[in-house]
Amino acid sequence: MTLFHFGNCFALAYFPYFITYKCSGLSEYNAFWRCVQAGATYLFVQLCKMLFLATFFPTWEGGAGVYDFVGEFMKATVDLADLLGLHLVMSRNAGKGEYKIMVAAMGWATAELVMSRCLPLWVGARGIEFDWKYIQMSFDSNISLVHYIAMAAVVWMFTRYDLPKSFRLPVTVLLALCVYKAFLMELFVHLFLLGSWTVLLVKAVLTGTISLCSLFLFVTLVHSN
Amino acid sequence: MFEEASEVFDNMFKSSFPLTFIVFIPAVLILVSPLPAEAAHEFTVYRMQQYDLQGQPYGTRNAILNTEARTVEAEVLSRRCVIMRLADFSYEKYQKALRQSAGAVVIILPKNMSAMPQDIVQQFMELEPELLATETIVPVYFAMEDEELLSIYTQTLTSSSSQGSLSAAEVLLHTATANGFQMVTSGAQSKAVSDWAITSLEGRLAGVGGEDLPTIVVVAHYDSFGVAPWLSYGADSNASGVSMLLELARLFSKLYTYKRTHAGYNLLFFVSGGGKFNYQGTKRWLEENLDHTDSSLLQDNVAFVLCLDTLGNGDSLHLHVSKPPKEGTPQFSLLKELEMVSTSETSYTSFSMVHKKINLADDMLAWEHERFGIRRLPAFTLSHLPSHRLAQRSSIMDVRSVSPSSRHGAGEPTAGPHVDVKKLSRNTKVVAEALARVIYNLTEKGAPGDLQIFTEQMVQEEQLSAVVDWLTAQPRAAQLVDKDSSVVSTLEYHLGRYLKDVKRHYVKADKRDPEFVFYDQLKQTMNAYRVKPAIFDLLLAVCIAAYLGAMYLAIQNFGFLYGVVRKITQPKAKAH
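Going down the list, the sequences are from chains A and B. The first sequence begins at 1 in the UniProt record's numbering and counts up by one. The second sequence begins at 1 in the UniProt record's numbering and counts up by one.
Because the hints were derived from the structure by calculation, they are not lab data. The structure presented is a predicted model; accordingly, all values stated were derived computationally and were not measured. Incorrect hints may appear among the rest.
Label pairs and their calculated CB-CB ranges [claimed, not checked]: (1) B/L173 with A/E28: 52 to 58 Å; (2) B/S78 with A/D79: 53 to 59 Å; (3) A/A182 with B/S78: 32 to 38 Å; (4) A/C118 with B/G563: 42 to 48 Å; (5) B/T158 with A/D79: 40 to 46 Å; (6) B/D484 with A/C118: 57 to 63 Å; (7) B/Q155 with A/E186: 27 to 33 Å; (8) A/E186 with B/H174: 54 to 60 Å; (9) B/T177 with A/L47: 39 to 45 Å; (10) A/L47 with B/Q474: 20 to 26 Å; (11) B/G563 with A/F57: 42 to 48 Å; (12) A/T77 with B/G559: 34 to 40 Å; (13) B/E462 with A/S196: 56 to 62 Å.
Just a few of them, taken from the derived set where beta-carbon distance is under 7 Å, the chain B residues facing chain A [what the hints assert, rightly or not]: (14) Y529; (15) R530; (16) D537; (17) L540; (18) V542; (19) M551; (20) I555; (21) Q556; (22) N557; (23) F560; (24) R566; (25) T569.
Beta carbons: idealized from backbone N, C-alpha and C, even for Gly.
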């Protein structure tokens, strides 16, 4: 619409990242460069994923309105590479668990924000046409920050050698939920024909639940020993 | 954070040139990227006429539009684009919009014009000349109604109308939730078209029997006129006249191929262009024939000039003359023959001669025959209209508008002017009979009044109908038909089938003192962008600031949540 509108969207999308970075104490650990490294890993992983998808998943040319369940599931499975990438980032950083998780998640989410939301916002929100989708996109970026923090925490827990046996199952379930969240959301949208605001709300609730669960597990794990 | 960042960037740029390249080029590209045109709705609009005639400007003088849409009901219209539907259109509303210095006017025409009530069509037809009579500074556009456009109209209507009696808070809420529309045309400013050539066509059938034969000239103009050039299909005026001329050419070319029926009259057919712009084509043709050449059919012994104008409907015929013909002249005999043939045809109600002197002080000539009258050639115009002032002759409502399934006369009667093929063919037959009676001098030879020279089958209704259909399939405003256009070349081909010496004549306006100037940008693509007012942005900014504040507090106090979770999990943790 106007530059002012772009400013609004931009503030909505970026400020939570900034606040999180500042308040989580990452700045005191001199973690900026490490976050950039995590972002670079994100880029590398996305490139690999894209190459893989382009090679092994030809374009689905089914009729309009037909949902290719198996194909989408397979595509979502490729997102497992994200877990590997996060693990890679965390394994290369030495430090406390929280620090590792936050660095990986912040770098990862910021890289995603810059790569996949910056350009649409700049091009779209500045145009003459007004659309709520840019505000929604900004909210979505806030949700994905929470999502990646939770995901990084779950990956960290999963890769700990001292993980108690009883934790194995819930952590695995959470891991699967994290990976297939996008797929589940798409399925919801397709099944219930949700509006864009409802989708955002469902996404927020789902992400909130996942992250709360992982917080519980994390707190239990950290303070149990 | 920022110091670290700058350090990182410094190192980056010092160490490696390619990295700089990778970072900077996209940044520059992003900064200079043009704003995208992803519109809520995109539709074609047709601009109102813009032309100068004899130095006098007419129509709208502007083509650029980039303003927010309103309906006439809104209180403030200045620098807004006023959209109106044809059903609600009136001259008062139009004037009101212009008085309040509206930025533009867009008039939405219904897709199916024939479904409109008669009185609305009639009213609009009468307004058309008024809209064009003076120059309008702001652009005026016409658009065809579709669902999207209608919804834009209704949304604009709700946002413009209901702001009178609400409280301030309600108005604020209203402006935040309502959709505004920014109307933007994609084209450039209109400018004069230089060197525009108006094409006219001429063809002849030579008579036999000695030198210096009398010549009969049959004239019809082919161009159409309406408030918007791209919407002027001109069915009755003057596709009917052209189709009749072609049919007469066909009939008489048949008669002229046989020795026994080859008459002692030259027949000259002229399809003129620029007829709606003071008969520019005819004017130039006369100048060329009378002033510039030595020998021309028009210079010696012209029996009469018969102009055909608006003949596709109606149950009466009017012969418009600027000087009543004297007895004993060929004009007088044609008048008598027309009278006789039309009275013998039972379906007519009346035939009359209408006398109107040429008013040289007028800006516009009334009928085409006046062009010939000025040059002292005996001429008259045949039409079913009793007066030249009637709006049917220059209206965008003048369309064929018979659906293909119900063609051949059986179509629904439409609200506006249209062509009734049955009546057109009957009129054609009457004119052909009368002409033939004059050419063969039948009345003096004692032939009975009800002698049928042409049978019903000879005047081909299909032929007439096909020509009218073809002519009305595209807008034929003089600004749109250039010398390469298919209208001209097909007409030329048609004339060439029946007539000899088919020639083109071009009129170009004088460079220094042009008699007519046309302007471009008559058809454009308009985009309607959904927009919100500035107050909405401010409101949004406040909301976002509040949200971010809440975020900040939540993250600051994350320790509290952590503590709560820890407390809950503690007994569980002890159990481990």
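Here is what the structure says about each hint:
1. B/L173 with A/E28: 52 to 58 Å: violated, 45 Å
2. B/S78 with A/D79: 53 to 59 Å: holds, 55 Å
3. A/A182 with B/S78: 32 to 38 Å: violated, 50 Å
4. A/C118 with B/G563: 42 to 48 Å: violated, 36 Å
5. B/T158 with A/D79: 40 to 46 Å: holds, 45 Å
6. B/D484 with A/C118: 57 to 63 Å: For B/D484 and A/C118 the Cβ distance comes to about 50 Å; the hint is violated.
7. B/Q155 with A/E186: 27 to 33 Å: holds, 31 Å
8. A/E186 with B/H174: 54 to 60 Å: violated, 36 Å
9. B/T177 with A/L47: 39 to 45 Å: holds, 43 Å
10. A/L47 with B/Q474: 20 to 26 Å: violated, 54 Å
11. B/G563 with A/F57: 42 to 48 Å: holds, 46 Å
12. A/T77 with B/G559: 34 to 40 Å: Holds: the Cβ-Cβ distance is about 37 Å, inside 34 to 40 Å.
13. B/E462 with A/S196: 56 to 62 Å: holds, 57 Å
14. Y529: Holds, because the Cβ-Cβ distance from B/Y529 to chain A comes to roughly 4 Å (cut-off 7 Å).
15. R530: Holds, about 5 Å.
16. D537: OK, holds: B/D537 within 7 Å of chain A, min 5 Å.
17. L540: With a minimum Cβ separation of about 5 Å from chain A (threshold 7 Å), the hint on B/L540 holds.
18. V542: violated, 10 Å
19. M551: holds, 5 Å
20. I555: The hint holds - B/I555 has a Cβ within 7 Å of chain A, the shortest such distance being about 5 Å.
21. Q556: At about 6 Å, which falls below the 7 Å cut-off, the nearest Cβ of chain A leaves the hint on B/Q556 intact, so it holds.
22. N557: Violated. Min distance 10 Å.
23. F560: violated, 13 Å
24. R566: Holds. Min distance 5 Å.
25. T569: Nearest chain A Cβ about 5 Å off; hint holds.
Going down the numbered hints, you'll see the structure goes against 1, 3, 4, 6, 8, 10, 18, 22, 23, while the others check out.
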